[in-house]
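J.: Single-letter residue listing:
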Amino acid sequence: MKKILVVDDEENIRMLYQEELQEEGYEVTAASNGNEALELLSKAGPFELVTLDIRMTGMDGINTVRAIKEKYQGLAVVLVTAYGEYKQDFSTWASDAYIVKSADLTELKATIKKIIG
Amino acid sequence: MIERNLKTLRKIIDLANSPSYSGEKFKEMANLISEEFGVENCRVYVTDKNCMNLSLKAINDSGYSGEEISSYRIGSGLVGATASKKELMSISDISYATVEELALLDEADRYSFFASSPIVDDKTVYGVLYISSERPRSLRDADRELLYAVSQVIATSLREERHQAQAQKVAREFSILYDISTATMTTIKLDRLLHIILTAVTVGDGLEFNRAILMLVNERSNIIQGMMGVGPDTIEEAWKAWGEFSRNRRGLLEIVSAQMKEGKAPSSRLNEIAKTIRLPLDSPCIVARTVREQRSFNVGAEDEDQTIGTVLSEKLGLSTFASVPLMASGKVVGVIIVDNCFNKRPITDEDIRFLTMFANQAGLSIENSLLYSDINEAHLELKETHERLLQSEKLAALGEMAANVAHEIRNPLTSLGGFARRLLKKVEGHTEKRYAEIIVKEVDRLEGLLTDILVLSKKSAGPFKSHNVNKIIDSVTHQLSDELKKKKVELKKELADSLPGIDCDFQQLKQVFINLLTNSIQAMQDGGTLTIGTYLITEAEKSYVGISIADTGGGIPENFVNNIFNPFFTTKDTGTGLGLSISNRIVAQHRGEIELINRPGEGATFIVKLPIIHEES
Chain A
1 MKKILVVDDE
11 ENIRMLYQEE
21 LQEEGYEVTA
31 ASNGNEALEL
41 LSKAGPFELV
51 TLDIRMTGMD
61 GINTVRAIKE
71 KYQGLAVVLV
81 TAYGEYKQDF
91 STWASDAYIV
101 KSADLTELKA
111 TIKKIIG
Chain B
1001 MIERNLKTLR
1011 KIIDLANSPS
1021 YSGEKFKEMA
1031 NLISEEFGVE
1041 NCRVYVTDKN
1051 CMNLSLKAIN
1061 DSGYSGEEIS
1071 SYRIGSGLVG
1081 ATASKKELMS
1091 ISDISYATVE
1101 ELALLDEADR
1111 YSFFASSPIV
1121 DDKTVYGVLY
1131 ISSERPRSLR
1141 DADRELLYAV
1151 SQVIATSLRE
1161 ERHQAQAQKV
1171 AREFSILYDI
1181 STATMTTIKL
1191 DRLLHIILTA
1201 VTVGDGLEFN
1211 RAILMLVNER
1221 SNIIQGMMGV
1231 GPDTIEEAWK
1241 AWGEFSRNRR
1251 GLLEIVSAQM
1261 KEGKAPSSRL
1271 NEIAKTIRLP
1281 LDSPCIVART
1291 VREQRSFNVG
1301 AEDEDQTIGT
1311 VLSEKLGLST
1321 FASVPLMASG
1331 KVVGVIIVDN
1341 CFNKRPITDE
1351 DIRFLTMFAN
1361 QAGLSIENSL
1371 LYSDINEAHL
1381 ELKETHERLL
1391 QSEKLAALGE
1401 MAANVAHEIR
1411 NPLTSLGGFA
1421 RRLLKKVEGH
1431 TEKRYAEIIV
1441 KEVDRLEGLL
1451 TDILVLSKKS
1461 AGPFKSHNVN
1471 KIIDSVTHQL
1481 SDELKKKKVE
1491 LKKELADSLP
1501 GIDCDFQQLK
1511 QVFINLLTNS
1521 IQAMQDGGTL
1531 TIGTYLITEA
1541 EKSYVGISIA
1551 DTGGGIPENF
1561 VNNIFNPFFT
1571 TKDTGTGLGL
1581 SISNRIVAQH
1591 RGEIELINRP
1601 GEGATFIVKL
1611 PIIHEES
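Order-wise, the sequence lines are chains A and B.
Counting in the working numbering, the final residue of the first sequence is number 117, and the numbers go up one at a time with none missing.
Counting in the working numbering, the final residue of the second sequence is number 1617, and the numbers go up one at a time with none missing.
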């Protein structure tokens, strides 16, 4: 079963993504900030994909994505954020995909499927 | 004898010094002289301003007063000859008169004795004192002395009178000039000022010309442009105006302030024609020469060599007129043209002198007004720019705030909607499914609103590429074709064939036109016609592509017009009120502008102007 790490500082969102992605057939672990995510990546890995919120308390998404890309080159990162207007800036330089947070998870699921199957 | 003469002289001097009205005074003198000399007839003639004619000023009570003796040319008749020779002439008995003497006499059938004494000082001939009687009478030396002395006294009186008249005239001119200057100071607005100036030139209390036309020099286009004309169009109108004026005898200031109150602009045909006059500065026309040579012209009908523009002669019927430059700071700013086409009063050099004096003052006022309107224009422009800045700052601040709020809202919305969707899957078959559906739908709507707000707060548009506006329009109308059909709106496309490409963000401009078209369609609830046109505009050496979107939806209510570009302003029940605001912002990012032409009761037209920016810039 493919492993996904969901990183978001909002508990409800973590719970929503976890449940929805599990129903899609993934094994889902959740972290509430960047530090926790990096810790889980090294301890509970290997993961195939990380969904990452940008604005988080503690270590934020931008720094986390840098740290991840340094250490785990093959790991796919999908930025999921409320900041829709920065899509152009982010998708090009760091992550594999950039999704604007929405209650409709169709786009998120389709994107994950496209990257890791 | 001497004693008697002295007595007579004293009486004359007393009369001369009496404060009574001039006509009375000279009549009394004539009576006294006729009595003292024992003649039936005594008259006082005075010369006119140009010393060409003598006219009757006073006659004694019993004297003969026929039309034929009321005036003489200098040099003609006994009276005229006396004035030109400046010496006493007399004929004691007509029976012994010479042929030359008889030739001078036009009253030979009435009188036998004639004496005529010049009223002169060392320079000027003021007039002639004339006596005659039916009986012959010899003129002794003492009589001559007396006549001479009396004439001297009358000369002094007349001289004084002339000086007084001159002083009064100067005082009146000053008072008119003062009135005019006060009147011109009541306004800085050019059209009102010009109206005041022309009123002053034409009213009875001002310069008293029949008609006046004011033209201003346009240095940029090298022409003289007619600005305004004041005066009656027909002789009937002229009589009516003069009649009114003499009935109410209002002063210039009163007339002007009444006009200001009525806000009345001259509505005559003269004014209409005046405004159409355009003369090249290098034209041979007198009016153009007035500007070039910085001097006034007094053009008589008989002046053959004076060229007048055809507009002036044919449309205005100018033949005898004067043209005076309006000077300000040593420069000609315009021309005043005046004539007396109705009462045919000749324009004198004196008139020109006064008009020139007036024109200098008027020129200054006009220059002030022009400067003011320049400043005012610049001020308005500044104000507009300032307002635009404020508006964009307001939008930016609002956008930033909105963006922050939007982000904060998006997270809870995501979980709210996300779980509602999960619920929806779980309650399949239950009646509660409807509730979950409602939550999902409403969250969708809220997310849409957030997207709108975030577009508004976005700082800059993406990279621009060259696109053809027609293609954007085609893509938009294609997308909205179902909506158009549903609302029974007929689409008319009037797209220009060969439009140059413009540097733009295709998606963003598409958003603009979707917003504008959607608004138009929604304005036509009962169907209508939507006309989209594209065209090339060239303004002040810059080229734009113009896109007009016209609907037949009744237009925008006047009280909304100023608000339509404000964020969150909407007249619709379902709408964020951000559509036009976003459109405006996107177009501004493309250095273009959106204009609204509102036709209340008919429809509204939005015009988007996008600049064509060439490679080199």
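Calculated from the structure, these hints are not laboratory results.
Keep in mind that the hints are not guaranteed to be accurate.
[What the hints assert, rightly or not] Selected chain A positions facing chain B (Cβ under 10 Å, derived; list incomplete): (1) ASP8; (2) GLU10; (3) GLU23; (4) VAL78; (5) THR81.
Positions of the beta carbon are idealized from the N, C-alpha and C atoms, including for glycine.
J.: If a hint holds in the structure, say so; if it doesn't, say that too.
T.: Verification of the supplied hints:
1. Residue-level restraint check for ASP8 of chain A holds (minimum Cβ-Cβ distance to chain B is 8 Å; threshold 10 Å).
2. A least Cβ separation of about 5 Å between GLU10 of chain A and chain B falls short of the 10 Å threshold, and the interface hint therefore holds.
3. The interface hint given for GLU23 of chain A is met, as the beta carbon of that residue sits about 9 Å from the closest beta carbon of chain B, less than 10 Å.
4. The interface hint given for VAL78 of chain A is broken, as the beta carbon of that residue sits about 15 Å from the closest beta carbon of chain B, more than 10 Å.
5. For the restraint placing THR81 of chain A at the interface with chain B, the shortest Cβ-Cβ distance is roughly 9 Å, inside the 10 Å limit, so the hint holds.
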